[in-house]
Amino acid sequence: MSADRLYAYVGAALVALSLYAFLVHTHLLRRLLAFNVMGGGTFLILVGLAQDGRGPDPVPQALVLTGIVVAISATALAIILLRRWFVFSQATALPEDEAQ
Amino acid sequence: MKQRLGRQLAAGAVSVSLGAALWHAIGVRPTPLVSLPALVSDAIPASGVSHPVTAVLLNFRSYDTLLEIAVLMTAAVVALALREEQTTRTDTPASARVRYVVLDTLVWRLVPLLVLVAGYLLWIGSKRPGGAFQAGSVLAGAAVLLRLSGFAITPVDHRLVSRIAMTLGMVIFLCVAIGTALAGRELLDYPVAWSGALILVIESALTISIGVVLFSLFDNAPQQPRGLSR
Chain F
1 MSADRLYAYV GAALVALSLY AFLVHTHLLR RLLAFNVMGG GTFLILVGLA QDGRGPDPVP
61 QALVLTGIVV AISATALAII LLRRWFVFSQ ATALPEDEAQ
Chain U
1001 MKQRLGRQLA AGAVSVSLGA ALWHAIGVRP TPLVSLPALV SDAIPASGVS HPVTAVLLNF
1061 RSYDTLLEIA VLMTAAVVAL ALREEQTTRT DTPASARVRY VVLDTLVWRL VPLLVLVAGY
1121 LLWIGSKRPG GAFQAGSVLA GAAVLLRLSG FAITPVDHRL VSRIAMTLGM VIFLCVAIGT
1181 ALAGRELLDY PVAWSGALIL VIESALTISI GVVLFSLFDN APQQPRGLSR
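Order-wise, the sequence lines are chains F and U. The working numbering applies: residue 1 is where the first sequence begins, and numbers increase by one. The working numbering applies: residue 1001 is where the second sequence begins, and numbers increase by one.
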């Protein structure tokens, strides 16, 4: 198995693990972290699968680079929303999840 | 407790199925109809840069990058809309804070170096790994360092200047897009003779915008609430 395919498999494992964490945890920061790890797994699959046995492929690399930029700004915005929510409600989860 | 266990089991089942589906999909990957790396390397001479990733980002798929800076700008605007009133900020004014000789010396040595690194990353992007985002994030890192160590960042703290810097990348990119369309070409289809220069101009504007947007996302975050127990 080539290193690139290994990246894709690791990406698949990361996506599955982070989906579990995303569904189980109710703390919004944990959810955000899980979502970020899921994004990382997707990037690994995108680049690893495209390059497996074919050498470097600039197109998925550029797509992933764009994805990283968007992911960073979305994460920063989510953290701002989280802090606002905490200041507003003193809660670290949404009301639907708090009830459990 | 019982409900929690059920939730964990359900989440486990969903995650394992998704993982298995992905695993299977990676195993049976179909052969592509076209070879993208070959297409890219054929078109590189006409792109104005020699690094394939930069060529894809700023020329062949520049539409993606245009939308990327639009997303960044939107995030910054939302953050600005959500920020607390400036009067509630509890930051010590730069003039009133205690000076630490080691910290100040380190920051004054590091920040020019970081700006230099950002410039290098921007410039080298046409030939080697590097480019606007890498350079912009180094700039943002330098600004965060300045802010955390209590220095005023005059240009960024100035309201109008920071707004202009945030939109600069988007504006320049749009001007180039509209310019190419007005000149009778496709949107963002640069003339070959100009493409290198146009890419450098766009990337420089993007670097400034990305740096200021990332820093403002950090800077506009609501204050950490006091006495956070959980």
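Simulated from the structure, these hints should not be mistaken for laboratory data. Careful, some of the hints might be misleading.
To be verified - Derived, one-sided and incomplete: chain U residues facing chain F with beta-carbon distance under 8 Å: (1) Leu-1018; (2) Arg-1029; (3) Pro-1030; (4) Pro-1052; (5) Leu-1057; (6) Glu-1068; (7) Val-1071; (8) Ala-1079; (9) Ala-1081; (10) Phe-1133; (11) Leu-1146; (12) Val-1161; (13) Ile-1164; (14) Ala-1165; (15) Leu-1217; (16) Asn-1220.
Beta carbons: idealized from backbone N, C-alpha and C, even for Gly.
Hints and how they fare:
no. : hint     : result
1   : Leu-1018 : holds (6 Å)
2   : Arg-1029 : holds (6 Å)
3   : Pro-1030 : violated (11 Å)
4   : Pro-1052 : holds (4 Å)
5   : Leu-1057 : holds (5 Å)
6   : Glu-1068 : holds (5 Å)
7   : Val-1071 : holds (5 Å)
8   : Ala-1079 : holds (5 Å)
9   : Ala-1081 : violated (10 Å)
10  : Phe-1133 : holds (5 Å)
11  : Leu-1146 : violated (18 Å)
12  : Val-1161 : violated (21 Å)
13  : Ile-1164 : violated (19 Å)
14  : Ala-1165 : violated (16 Å)
15  : Leu-1217 : holds (4 Å)
16  : Asn-1220 : holds (7 Å)
Consistency note: the structure conflicts with the earlier hints numbered 3, 9, 11, 12, 13, 14.
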